Structures are given as structure tokens and as C-alpha cells.
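Student: Chain by chain, the residues run as shown.
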Amino acid sequence: DGGITQSPKYLFRKEGQNVTLSCEQNLNHDAMYWYRQDPGQGLRLIYYSQIVNDFQKGDIAEGYSVSREKKESFPLTVTSAQKNPTAFYLCASSPKNSNQPQHFGDGTRLSIL
Amino acid sequence: DQQVKQNSPSLSVQEGRISILNCDYTNSMFDYFLWYKKYPAEGPTFLISISSIKDKNEDGRFTVFLNKSAKHLSLHIVPSQPGDSAVYFCAVSMNYGGSQGNLIFGKGTKLSVKP
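Here the protein sequences line up with chains X and H, keeping their order. When the letters of the first sequence are read in order and numbered with our numbering, they come out as residues 31 to 143. When the letters of the second sequence are read in order and numbered with our numbering, they come out as residues 224 to 338.
If you're looking for bench data, these hints aren't it; they were derived computationally from the structure. Keep in mind the model is a prediction, meaning the values are calculated, not measured. Hints may contain errors.
Sample of chain H residues facing chain X (criterion: CB under 7 Å; computed from the structure) [as the list claims (entries may be wrong)]: (1) Y255; (2) L257; (3) Y262; (4) G266; (5) P267; (6) F269; (7) S272; (8) E281; (9) G329; (10) K330.
Built from N, CA and C at the ideal position, the CB exists for glycine as well.
The following block holds chain H by itself, in its conformation from the complex (with noise of 0.2 Å):
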């Protein structure tokens, strides 16, 4: 059964909109959030993280939120430009026993930005 889950594989959005990508875990054992971007062909890249003592961490026009009790956390892209179309990954891990750093990894959305 699926630990962390992105239920969008795809979202369009036109230039200059935000972007809003969604990811679900189960286990409230996970205490460490990240995304990532991932272009075809390419390794994914290190976007943006929080841990789990946060509820938002801002970088630029990236902002992830962690709704604890949900279990959810969101990544918001303002403004959208067309070079943040690429699959973006919502992976996560906990800091416990011998696993530390383990990241579990959802499915991925592909994200289009239309200029």
C-alpha cells in the first residue's frame, strides 16, 4: 500500500498562475518533507523541504505548507514560468532506527506551465 501518495499525475496551469501540487502520507512517524523536480532523462533535483516541527517553509516562489493532522503537505509555486514544467516528486522519511534519511517517494505530477 501505497505510504505517500499523489493523487494528480498531471496539472496545467497558464504563466504567471500558481501552482499548487498535493501529497498525502500515512504514517505519522514521518518527520522530514521534501520536493523534488525531475526533468525527462535527468536525475530529480533538490527543491525545497520542512521538517516536521514547521508548518511552512518559503524559498523564493516555492513554498511548501505541512498540515500535520492531515497529513498533507503542499508545494505552491508563485509565479508559474514556463521552465517549471517537469515532474515533481513529493518524498518523505523519518528519523528512526536504521533507516534515517530513507526517503519514501510518491508518483510523481507532471506539471505544465502554458506561456
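Bound-form chain X, shown alone (with noise of 0.2 Å):
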């Protein structure tokens, strides 16, 4: 079945350290977003990238970075320059047409040991 994998599912990040947030689709869609949610809030996008090679920066980009060297994948690096980074992290993808929707990911949630 085509659909969006992130994992892992959950990570433990020590103060100070990277950490890398995985997320592969199959769905053959030329864009790929990056959000953060925290509890009672809505998303908010981080990075987000239109081709393969090319990526923008969100709304809260600060402490993040991204790649974008297949088209099926979009790692996030969450640095220690992020200072809150406990969050559910979601990854969407979606067709180049901007009237389709975003296909969601189930999310990683990081915590800070």
C-alpha cells in the first residue's frame, strides 16, 4: 500500500545531541512537509521542500535542518540548537498541484532525557 512511514515511532534524545527524524513515502508526490505539534496547539510547519534538491524554511525553522536528495525522502535533524525540541513531529507529502491534500505520516514523538 502507498502511504508516508516515519520512524521511529518514539525517540529519547539526550540534551546537546542530533537526532534524526525519518520519513519515506511511496506515493510518487513531488512535495514534502515537515510540522511540529505540541499539546493544544495546531501544526506548524518547519521545513518544507517543492523538488528533489530544494527545501524552504517554515514558520519555526530555528535549531532544524533538512535534506531532500530522493525524491522519497525528507530526513529532519532536530540539533542542539533547538531549545525546546519535545514534540509529536509529523511528515506530510502531497502531489505538486497545490489543491490536493496533504498526506500525513503517524508521527515520532521526541522527548528529552
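Work from the hints to combine the two standalone chains into their complex.
Tutor: And the structure:
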């Protein structure tokens, strides 16, 4: 079945460490997105990519980095510069046509030890 | 400042009755509107959408209404079922500039449907 796979489901990080969250899609979608959700909040856009080897900052990009070397993959690195990294991270993808809904993975919950 | 507001954090409805979830937005340039449903520890699931050229879109028990002059959209669920209990997010986007397809989300409304 086509879909978006995020791994791992739960991730623990020590302070000062970088950590990378995986996102893979087999929907042949051009665009991919990373969001962060905090309790009682909506989803906030971290980074997005509309084509391979190109990506743009979203509303809350500070302390995060991404790469888009393959169409299927859009990993997110949470760096030690992110002061409050504990959150639920969601990856999404969509076709190039803007009037198509984004489809989401099941998320990764990141916690600081 | 929030561009998309869902002013009711929660809503409780009896099974079989209508659920009405509301969403307000600030920018008249938004032209595509979506509703997502989310269960705890899962990703949001797309439910229904509407473009700015329409004022109503139906899909089974779900209907979305768009009032462009009031910058308001609503989701009606009829009849409500216990399995509809989830958090519902309103999202908007605009087909403009380099951010086509980027969604702006409201904070969500938690719907509880009681048997």
C-alpha cells in the first residue's frame, strides 16, 4: 500500500545531541513537509520541499535542518540549537498541484532525557 | 497573530445528532480549505476540502460550508457517531507565490460523541 512512513515512533535524546527523524513516502509525491505539534496547539510548519535538492524554511525552522536528496525521502535533523525539542513531529507529502490535500505519516514523538 | 482560529477547543454531542465545527480565517487570499481528523498519537487524516469557488461540498455524512464574506467555514457531521470522536483541524492555503500548497492549521477542536 502507498503511504508515508515515519520512524521511529518514539525517540529519546540527551541534551546537546543531534537526532534525525526519518520520513519516507511511496506516493510519488513531489512535495514533502515537516510539522511540529505541541499539546493544545495546531501544526506548525518547520520546513518544506517542493522538489528534490530544494527546500525552504517554514515558520519555525530555527534549530532544525533537512535534506532532500531523493524524491521519496525527507529526513529532519533536530539539532542541539533547538531549545525546546520535545514535541510530536509529523511528516506530510502532496502532489505538485497545490489544490491537493497533504497526506500525513503517523508521527514521531521526541522526548528529552 | 493567528491566521486560522478554531474558537471552540472542545465539543460534546450526542450520538445521532449533528456536530458543527467552526473555523475562522483572516486573509481573504486563502483559496483552499480543508478539514483533517486526528486520533491521539497518529497523523491527521484528510477528511474533506473545499475551494473558494464553491460554498458547499458534501461527502457522505460530512459537509463543509464556506462563507467567504465572513471568512468562515464549518464542518457538519450528520449523524454523529462515537467513532467520530477525535480532534478536528481546519487548514487553509493559498495558491500564491512560492508557498503553494503550504497549509496553515487551526489549533483544533476535540469532538466527543457520546453513545
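Student: Taking the hints in turn, state whether each one holds.
Tutor: Tested hints:
{"no.": "1", "hint": "Y255", "in the structure": "5 Å, holds"}
{"no.": "2", "hint": "L257", "in the structure": "6 Å, holds"}
{"no.": "3", "hint": "Y262", "in the structure": "10 Å, violated"}
{"no.": "4", "hint": "G266", "in the structure": "3 Å, holds"}
{"no.": "5", "hint": "P267", "in the structure": "5 Å, holds"}
{"no.": "6", "hint": "F269", "in the structure": "4 Å, holds"}
{"no.": "7", "hint": "S272", "in the structure": "6 Å, holds"}
{"no.": "8", "hint": "E281", "in the structure": "16 Å, violated"}
{"no.": "9", "hint": "G329", "in the structure": "5 Å, holds"}
{"no.": "10", "hint": "K330", "in the structure": "4 Å, holds"}
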